[in-house]
Amino acid sequence: MVNTASPPMRSASSRGFPYRNHPTGWFHVGWSAEFEVGKVVPLRYFGRDLVAFRGESGALSIMDAYCPHLGAHMGYGGSVCGDNLVCPFHGWQWSADGRNAEIPYSTKPNRGQRVTVWPVHEVNGLVMLWYDAAGGEPTWELPTIPGYDADTFYPVHPHCTGEWLNRPVAPQFLGENLADPAHQKYVHEATDVPEIVEFSGEGPLWHSRQRMVWGRGKGDTWLTPAGGKVGHLDIQGWGIGIALFRFEGIDDTVQIQSVTPIDDTLSDLRMTNFVPRHEPNAEVPTERAAKRIEHLRRQVDRDLVVWEHMTYIARPPLPPEEAKPYLAYRRWSDQFYPEAATTPAVSAVTGEA
Amino acid sequence: MTTHIAQVFTRDPLIGADALARLFSILARHVPGAIPGLRSPGDGGGSARAVRSVHGSPGGEIFWESRAPGRVRGGVHPMFYPTDTHATITLECDAAAAGPDGLAGFVREVSSTFGADFGYVDVLPGADGPDGEPPGFVYLTPQNLRAWLPEMWWGTVLGPAYVDLIGGDVVASAPAHEVTRLGPATYWLQLTEHLESRPTDADPLDLPRRDVAEHLGETLFWKAGRTSFVAPRFPVLGAGQR
Chain F
1 MVNTASPPMR SASSRGFPYR NHPTGWFHVG WSAEFEVGKV VPLRYFGRDL VAFRGESGAL
61 SIMDAYCPHL GAHMGYGGSV CGDNLVCPFH GWQWSADGRN AEIPYSTKPN RGQRVTVWPV
121 HEVNGLVMLW YDAAGGEPTW ELPTIPGYDA DTFYPVHPHC TGEWLNRPVA PQFLGENLAD
181 PAHQKYVHEA TDVPEIVEFS GEGPLWHSRQ RMVWGRGKGD TWLTPAGGKV GHLDIQGWGI
241 GIALFRFEGI DDTVQIQSVT PIDDTLSDLR MTNFVPRHEP NAEVPTERAA KRIEHLRRQV
301 DRDLVVWEHM TYIARPPLPP EEAKPYLAYR RWSDQFYPEA ATTPAVSAVT GEA
Chain Y
1001 MTTHIAQVFT RDPLIGADAL ARLFSILARH VPGAIPGLRS PGDGGGSARA VRSVHGSPGG
1061 EIFWESRAPG RVRGGVHPMF YPTDTHATIT LECDAAAAGP DGLAGFVREV SSTFGADFGY
1121 VDVLPGADGP DGEPPGFVYL TPQNLRAWLP EMWWGTVLGP AYVDLIGGDV VASAPAHEVT
1181 RLGPATYWLQ LTEHLESRPT DADPLDLPRR DVAEHLGETL FWKAGRTSFV APRFPVLGAG
1241 QR
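Chains as they are written, first to last, in the working numbering: chain F, 1 to 353; chain Y, 1001 to 1242.
Since the hints were derived computationally from the structure, they do not count as laboratory data.
Check before you lean on any hint, since a few could be wrong.
Here are the simulated lysine to any residue pairs, SDA-like style, with alpha carbons at most 20 angstroms apart [claimed, not checked]:
#, chain 1, residue 1, chain 2, residue 2
1, F, K108, Y, G1075
2, Y, K1223, F, R20
3, F, K108, Y, G1105
4, Y, K1223, F, Y66
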């Protein structure tokens, strides 16, 4: 019997990736709809045990999980009182900004005790957590997708999403896809290798455009009913863990993919599709929209087959056609890794293939 | 009535009758109303009721307290486990019991006598309740120091662990009202002239606290939204006798 190897449960650095720290930036830890008012949710990301809760005011907080009093994990059995998190062990309350607010069997709180509070931002229906190995605060904000606030799209959660949890994947593996048009043919069954027509990295934003002929040579398909169609795949990378795709020329769907490290080895992958509503007030995508989302889920499955088993080639033998964007992406992405900060960070790169 | 608070984290394990005798003689010099007395009435020798914990002599904790006016709460936590890094001394007195500069003098002398890595003196605001109790208390543990400092206090002792980490020149040049060298690699930083003579604006010490914290290094101090901090690696002395 063939012993089929499982995905390597090894850290990215032991798979050849040159950096040990997680990159700095915003990372997707769930959808806003999953964090209801009064609900306490245990999380684990970046090797830290965390607890999320939404207070009665609607504000979402994420903190280190362990109560400084006697060490209970507040994500298991904890509750919410007003805007405070209540420890399940002795009822100590912690305010949203991490201060001890009440000790129920004492007349007063301990003003010296604090819990570490993580920066959180809710945007486009996603809950984003800021990570910086040095503990720094956010240095950029994520943009709102045009139309998101105007009910242009179906509600994203749960029907327009996908998630692949506890996978041996690093954020960089997703990130490098943004500068890699060739994999579209071999991983995603594009007829041709798309042409990358522009790419740039400035500050936290990577932008590239690939010229596509959607459905070329495939006749009339459900996705391209009038045959092959010229368009572009417009890509934005916000830091390393978040990528935004617009499929121009095919439909107006916008997709966000994310990879969020749990620890040095595993990450959670999530996909969020912003699919235009076919009817006003429709809550659940049907027919073509539902098919489109399923199609996009399959594409992530295809990426995962590679990402879960790959080793990372730090000095790849790239042919000239892919060297410029690929190496530009790597130079740009260096700025997010603390170990690379000792060398001059490239904050802006641009070029044409 | 305001409440004066102080804590000192010493490298001396504070184990044994001699250490405690020296500690309480320092307390008697600076805050005579705060020394613990015996539990039996009429014994004299102190104004506060003392309770020794059941952890055992001579390494056990001592707590003592008295009611307002002249309200005092004190505690001595000797090193207990072999993994302990510090013994702690905690004192909370209403202003009448503390005197204007009593706690500052006590913390400074204790810090140099017993080798402090950290200590603080401050005032809890708004202690105007009918029972004279402040709206909160402060009790830090060595585990807190391994993670962060909560804030700059009106008076702060930075001992060798912090001076090595921050740099002696940086500590010595902090923009505080007073910076005094208490001993080898040990400094007292004081934000205003007197503990009780601060301006009456809301959070009057905000600016000097922020200035000094920024000078020493903001990553030393807890702040909501900051997820990693810089803290000394305190040596484990193995002095606890459990």
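> Given the hinted pair K108(F) and G1075(Y), is their alpha-carbon gap at most 20 angstroms?
Replying inline: The hint holds at about 18 angstroms.
>> Can you confirm whether the C-alpha distance between K108(F) and G1105(Y) stays at or below 20 angstroms?
In response: violated, 27 angstroms
>> Please verify whether K1223(Y) and R20(F) have alpha carbons no more than 20 angstroms apart.
In response: violated, 26 angstroms
> Straight-line Cα separation of K1223(Y) and Y66(F) no greater than 20 angstroms?
Replying inline: holds, 17 angstroms
The structure does not agree with the numbered hints 2 and 3 stated previously, though it agrees with the rest.
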